[in-house]
Amino acid sequence: MSAGDQARAGFLALELDGDGAHPAAWRAARHAPADLLTGERVRSTVLAAESAGFHVATFSDGPLSPGGGADIGGRLDAVQRAAFAGPLTRSIVLVPEVDTVYTEPFHVATQLASLDYVSGGRAGWLVAAGGTEREGAAVGRDIVDGAALALEAAASVEVSRRLWDSWEDDAVIRDVETGRYLDVDKLHYADFETGEDFPGAGYSVKGPAIIPRPLQGQLPVLAPAGLVATGLAADNSAAGIDAVLISAPSLGQLAAAVDNLRERSEGAVAVIAEIDVVLDARGQSAAERVAQLDAHTPWHSTRARYTGDAAGLVELLADVLAKADGVRLHPAVLDVDLDELSRLVLPELRRRGALAPVVPDATFRELLGLGRPANRYASVGN
Amino acid sequence: MSENQEIGHGFKPSGQLQFGIFFQGVNSGTIWKAPESGSQTEFDSFRRLAQTAERGLFAAFFLGEGLRLREHLGRPHALDVAGRPDAQTMLAALAGVTNKIGLVATQNTTYNDPAHLAHRLSSLDLISGGRAAWNVVTTDNAWTGANFRRGGYLDHADRYTHAEAFVETAKRIWDAWDGHAISGSETAPAWQAPGSVRRVRHDGRHYSVDYTPRLPRSAQYRPVLFQAGDSPEGRDFAARQADVIFSAHPAYDGAVAFRRDIVARTVRAGRGANDVKIMPASEFILAATPSEALEKKEWVRSLQIGPEQALAYLEQFWGRELSGYDPDGPLPEIDPVVVETSETRGSGFHGAKARQLADQWRAEAKDKGQSIRQFVSGKTSRVDATFTGSYTDVADTLARYAQTGAVDGFNISPWLVPSGLDEIVNHLVPELQERGVYPTEYAGHTLREHLGLPVPVRSREADDDAAGGLKLELAVGQQQL
Ligand SMILES: Cc1cc2nc3c(=O)[nH]c(=O)nc-3n(C[C@H](O)[C@H](O)[C@H](O)COP(=O)(O)O)c2cc1C
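So the sequence lines, in the order shown, correspond to chains G and V. Reminder that position 336 of the first sequence reads as 335 in numbering that gives the first Met the number 0, one-by-one numbering, no gaps. Reminder that position 466 of the second sequence reads as 465 in numbering that gives the first Met the number 0, one-by-one numbering, no gaps.
Hint data in this document are derived by calculation from the structure and do not stem from the laboratory. Backbone N, C-alpha and C define an ideal beta-carbon position, used for all residues, glycine too.
FRET-style restraints, in silico, Cβ to Cβ:
1. G:A237 with V:R204: 32 to 40 Å
2. G:G194 with V:S207: 24 to 32 Å
3. G:D144 with V:A33: 51 to 59 Å
4. V:H444 with G:E192: 45 to 53 Å
5. V:A268 with G:R371: 48 to 56 Å
6. G:S203 with V:G328: 41 to 49 Å
These stretches of chain V come out as covered by chain G in the derived footprint (C-beta under 8 Å, 3 or more residues):
7. 81–91
8. 114–125
9. 172–185
Please construct the entire structure, taking both the sequences and the accompanying hints into account.
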């Protein structure tokens, strides 16, 4: 894992929300606007991503930006999109974004464990903590902001992690002799309670889970660097996360931020760099494509952006993958840029040995090089 | 025909039956001890049952819900199948590997937020192409509440007033997008027509909601609403709000009486006599001949209620260990240590008076000369809910239900996972089709079409509210506040 190693193999994630990262992407999509919010659309994008060789698909969620009045105003639940894709795919890892602030942690833990079952251990969780007024108003709660967001996220992650461990791996014994389906000594109460420093209304969750331990034992948990900076733990603790997503306003700053985090974290978490991508396509330059879409709605993004030809992107990604564990791409227009990525970018990166192999039926933990974790209760109890 | 005249109010039998499969996550009916019994939680079990059901033209694949793991004398209950995935996550996955079958998620109104639940249900409805349904349940207790932020905040007496406000809010959320809210082309000024989406607000005792819905109508307009809950309040709630009742009354006379009661309540609620469909929970034990079926039933029962289950069942009501008792002997002579049974075994057991029940049961078992095992087997096997017999006999029995309109179909719990529907689909369904009481193809693409339910018109309340300025405001499009 030496950082300077040229042929260090990383993984590529693709964000599949909507029609692409550009707010006006729907104007360049290959389908009628109303066909976006269908199972067919989920199927075709996730299969395209898998056959292109992407390792991970992510599904954004949350309210659509209030400024986006002219653009896409609908979004299917991210866990369901990922679940729908589960049985249709073999290798691609499915990572929905799920809120931690205004959702019920018990439901979140159950849904994500279920996702792991329907995907054969290919599930992850991208932690979100928006905390906006609109999200709060939907469930009649106040706005949560600042450092409180990280505390909400940490509590939610910890509840899930405890619930996922609340059944030991061999709790289902199906012992015909004694008539016992479960070994109740291998079931544990989560007994979670928010701490004294918890900013909002504290809560508790009893457990055990209503579903056996996920196939991976613990799903990998991803979080944006902002939450980590404000207090979400990036380590092996109860509320800790497994991978950090890093954004920066320019490609240069992104590289520096990746280096910086790698150094500080000493390999305790995976580092994933976020990049917006627009490629030359359909006889148009990338810059022209953006200009055309920007004329409808300007694209404001907090991520570094690559605009150009496929060859340039290959060079860039080879460089970034030499430092980061993975890169998440946000194509301007999925229908257009995914074609180019699949034809010209991924094959070349693979040829150069810059990409980890795509392994059918492998778990997300395996992709991240994480072992299957021991159950916290198993080591204590018996 | 005299039987439907008894039902009255202009009720007309459709002459048809629909099947649903009730995949039970937690129960004593699924016989995990049989060698051919597969996993209760792996996706392949769900896929196989759903695909078999779809081959048999079942209207719906149905999942229950229990938001706390069942307990027995203060510890998790060890004897029955347990552990189940989240209903909507599972159904979304099944949506990808099925084409026609409806996908019904049991979801509780007490431990969910209306905006979130309505959104997730719309999402399932869209991702499945208009095949989703919500089975509304109202289970409430502090014991389940211990898994949620609000805890056990709701009085049992309020469960349906609460549920009704919840369901009405959900309906307004599903009504919030105009029919053609999404523009037809990429050159339109905006993705959504301005003013085509309404903001939904609700201020209630336990919830407030201020939400701009994020999803359009589905191919069936909105999720179909099932209801399960048998109290008078529950029945009235269903009569006002539901499309289908998942009932607990499969035996013929009980089914007719229930139909009559529901038709009367539905008409009283201002709806049509045929507006609410009824599908009782049921179990089928079938074979080529009646005697083989009876033999099979013995075998199924012996695996459903072993000696441990028999004692554990009584322990729930006695509140103490009874392991010293002989399962093949009489009911315990000692009295229960609890006054009321707790809800920890599941909502069906809620609040029975234990001492009274024990006296009654001892008398009943003595009367019938039953051992503990025989008695418990009788109590738990839903005697009423089981159709046992040859394919042709059971088909004849069911044809009578269809002709009189006692029910609109059955929600079938397979006692074996994942092969438990094979005989029904391979042998019973063709017999029913021959009798003209079961579909020979899917009526359409949506669950609403399979069940013969009308597409809702935008709910009157929504328009009234808009007119009265009460709950709805124009929102998105010309972006709101
Ligand atoms: C056939 C049937 C199935 C039910 N399934 C569930 C279930 O899966 N989950 C649940 O929490 N409650 C379930 N219930 C329980 C009802 O929701 C419960 O009775 C209700 O919440 C309380 O209403 P009631 O007092 O009207 O019966 C079911 C009830 C019936 C009749």
